[in-house]
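A.B. asks: Residues per chain are reported as follows:
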Amino acid sequence: MPDSPATLAAPEVLVSANKVCRSLGGRPILSDVSTEIRRGEVVVLIGPSGAGKTTFLRTINHLEQIDSGDLFVNGHRVGYRKLDSGRLIEDSTRTLAKQREEIGFVFQHFNLFPHMSVLENIWHAPVRVRKIPKQAAVADARRLLARVGLADKADKRPASLSGGQQQRVAIARGLAMKPELMLFDEPTSALDPEMIGEVLDVMKELAQDQMTMVVVTHEMGFAREVADRIIVMDAGRIIESGSPDQIFNNPQNPRTSSFLSKIL
Amino acid sequence: MKFDWTFFFQSLLTPSPAFLTGLILTIVISVVSMALALVLGTLIALMGRSRFPILRWVAGIYVWIVRGTPLLVQLMIIYLGFAAIGLFKFEDLTILGISLLAAVQAAILGLTINESAYVAEIVRAGLESVDRGQTEASMALGMRPGAAMRWIILPQAMRIIIPPLGNNFNGLMKNTSVLSIIGVSEMFLVAQAISSATFKTFEILIVAAIYYLALTTIWAFAQALIERKLNAQVGNDSAAVPVFKRVFAPRVRKQLVLEGAENA
Chain B
0 MPDSPATLAA PEVLVSANKV CRSLGGRPIL SDVSTEIRRG EVVVLIGPSG
50 AGKTTFLRTI NHLEQIDSGD LFVNGHRVGY RKLDSGRLIE DSTRTLAKQR
100 EEIGFVFQHF NLFPHMSVLE NIWHAPVRVR KIPKQAAVAD ARRLLARVGL
150 ADKADKRPAS LSGGQQQRVA IARGLAMKPE LMLFDEPTSA LDPEMIGEVL
200 DVMKELAQDQ MTMVVVTHEM GFAREVADRI IVMDAGRIIE SGSPDQIFNN
250 PQNPRTSSFL SKIL
Chain D
0 MKFDWTFFFQ SLLTPSPAFL TGLILTIVIS VVSMALALVL GTLIALMGRS
50 RFPILRWVAG IYVWIVRGTP LLVQLMIIYL GFAAIGLFKF EDLTILGISL
100 LAAVQAAILG LTINESAYVA EIVRAGLESV DRGQTEASMA LGMRPGAAMR
150 WIILPQAMRI IIPPLGNNFN GLMKNTSVLS IIGVSEMFLV AQAISSATFK
200 TFEILIVAAI YYLALTTIWA FAQALIERKL NAQVGNDSAA VPVFKRVFAP
250 RVRKQLVLEG AENA
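Taken in order, these protein sequences are the chains called B and D.
The first sequence stops at residue 263 when you use numbering that gives the first Met the number 0, and every number in between is there.
The second sequence stops at residue 263 when you use numbering that gives the first Met the number 0, and every number in between is there.
One or more of the hints may lead you astray.
[Said to hold, decoys possible] Straight-line C-alpha distance at most 35 Å; calculated DSBU-like pairs for lysine-lysine:
1. B:155 - D:228
2. D:228 - B:130
3. D:88 - D:173
4. B:152 - B:203
5. D:228 - B:152
[What the hints assert, rightly or not] Distance windows between CB atoms, simulated:
6. B:145 - D:56: 49 to 57 Å
7. B:67 - D:166: 48 to 56 Å
8. B:145 - D:42: 40 to 48 Å
9. D:149 - B:20: 32 to 40 Å
10. B:154 - D:86: 54 to 62 Å
11. B:158 - D:68: 37 to 45 Å
12. B:158 - D:16: 53 to 61 Å
13. D:166 - B:39: 51 to 59 Å
14. D:145 - B:134: 20 to 28 Å
It is worth saying that the hints were derived from the structure and are not from the lab.
Every residue gets a Cβ at the ideal spot worked out from N, C-alpha and C, and that includes glycine.
Just chain D, same shape as in the assembly (with noise of 0.2 Å):
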């Protein structure tokens, strides 16, 4: 066995300019296909959650096929399925002068579709955890369904909401390497044409984990920040626990215990 440390550092620490922009393409896909998965996702949970049984019944059926089927034949279907049944074939855009080729706006669609499905399931969970009195005295006082859902609904299942969706952000993040079957140059597809190119595998593969860890381990501490904010708000006591240890100590058993003690 021959590890290359002198390769490994140096893609490492001075990381071609190729594999910086598949970097960047993976944040970016990432970003933007969760911020369209929220409201994509936010909306098929309030139509779960009409009064007209047809609304409630598309949700239903779009969640069940969404999250029932895998993430690489939803990719597949929408960027090479389409086009070979002649139903839409993706062409290269230019938008506002960023050229968006064919692979990634199918990887956008594809992800945003399938975050959609999961983050539809965590808001209507979120929105159930409220209480029905809530919803009863915000009508009581005269709001209409729209202002007790943004004044008070809402903003009392964040607190629910976004814990999970922060992991499943992480999740999406880890995921775009699949995009690399449908030949998006994100990070991994470009980890992958410099392997071939110089058979450094082993070396190669190992940065792009410690980049993917990187990302995730910013996320993690993005995601602690802005929970112990939310628990500020509500002033509750976790907002004590330092961001550092809350995401690198096994937290979720040690919490749940201490959250039952209160209870007790």
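Just chain B, same shape as in the assembly (with noise of 0.2 Å):
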């Protein structure tokens, strides 16, 4: 059985790659990209810009293609049947839909649905793609906006509040979907420097929470402090990875040392 390998019998093992490749016109974007992530593991990606950190990160939740390898997250192949001749048959929108599911995402210009109060962007998802009763999903979004110190802006329009209050709205609506793991592409990149920081901590209370997180981020800080591993990448492809203590204080490859003198 191509679709469940031994190795994910394992359920603590909830993203698994291996030798993911990708190009885009004939030019390599990621190249054996290879990693397994566990559950409750926050994993952070870093490197420098173009090395596939984004591309690979989009490619958990298929909001990216690959041209082959295997990526299963939670032992499902996300995006592809892989035929026993080794082909990847793009799945049906349906599968894919019921894949996204279980994978929330944020993203670095937040994209909260514009037309909807702030409360809205959260529940609208529960209650259209996983059926939960209104009442309910309602309820649950309050619930998360004020976890993520937002419970008075619940009327607002997302265009009202300020980048990282709407990035904190992203993230609630994420969890709504009550999902598996959460994904960030750049969280903090498009924010003023004064609202890093709430964004950041919203992120750490998560990791606090067991939640399994996959970052690509620019703060070293954030990296250090609340990453159990790093991962390094450099041209497509993984050059480094393992624990922030040793990617900061002892790196091995030549190149992660050169990226980290030019940001630190």
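Starting from the two chains in their separate frames, assemble the complex, guided by the hints.
C.D. replies: What follows is the structure, given as structure tokens:
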């Protein structure tokens, strides 16, 4: 059975990537990316721009296609069926949607729905997608909004919120689906400096609550403090992976040292 | 020059039953054609965004041909051309107790086809105006393409789509006068008939013009109300402009200037 490898019988592995490749217009974006992410683990992806961090993150919920390789979330192959010949056939939109229900995604530019109130942004998908009764979903949305410190903004439009507040709403929106995994794509890169802290604080709390998180970020303080493991990417490859202590204090790869020396 | 004021006011204030029937036919044909064109045009627009190239191709050719040829020629082809070559001949019909003359059927079909191409372009532009991130956020929350379109994309596109659609309906109502050529007894044909019977050509044409002006003016108010409601929904300030002003003030330039100032 190519779609259920033995390694995934162990439930603690939530994300498993094996030789994931992706190229665009003949240029490789991801080359043989392989890693495993355990349940409850916080993994931070770092590396120079163009390294493929965001692309790899987006393949995990199939916002980005892959050309070859095996990518599993919770034991299910993401985005494709694999034929015996090894060819990948993209799943139907129904299957893709089902898979994505379990994976929260936080965008660099928030992508809140501007025509809905803050509260509706949060309860909309649980009601329309998960078919949760509206009353329960709204109550849950209020609880989540309080959790990110924005209980008083429930009836506001997203546009009337600051960037940091919008991103916190976006995190609450992702959590409302009760995902097993949260992906963060440079969640603070579009924010004014004074708002970065409030978003990182919410993410730290999330990490303390044992949420499995994969975070692409340039916030090295956050990586050092919160990450269980740091993955360093360069030119579409994982060049190094280890604990924050290892990566920051004793990097093995010269390209890791060179990258860190530029940004620290 | 002798203007027959008595005849003019008589025709204007107590129009003959034939003239009133023509007026009603003008309204009915406009509304029915627009409604059908909205459905057909939206379909064409969605085809234009399909992932199947053949559908995009068909939609492109359709819009190209329909927008590139005159309405009058299209009507003649549908009503007379098809019959002449033995392809299709319209027959008088009775549907649900309402008799539909052959010419009226051809008129509705012709106007629907002609208008649908413009609707398709308007809808396409509206859909394209919605940020790609909105689609991605919807997908990441587990929505399928149809649900994302229904709940996220279309409501946002509406604000862009409604104003030009309203203007097009205004044009469609005036274009019904062309139908007199294929013998649809709408208002203009009745006016011409009265003119040849009474030789009060100028008077009756002015009366017809006033009725067309009344139709388009009533519609302008309706359109302003709809736009105001839509803008209020997204918390746009231009909702505050009174409807009367929106219809009669030279508003386009003014609004552009105001919006520019707000953005600055």
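A.B. asks: So which of those numbered hints doesn't the model satisfy?
C.D. replies: none
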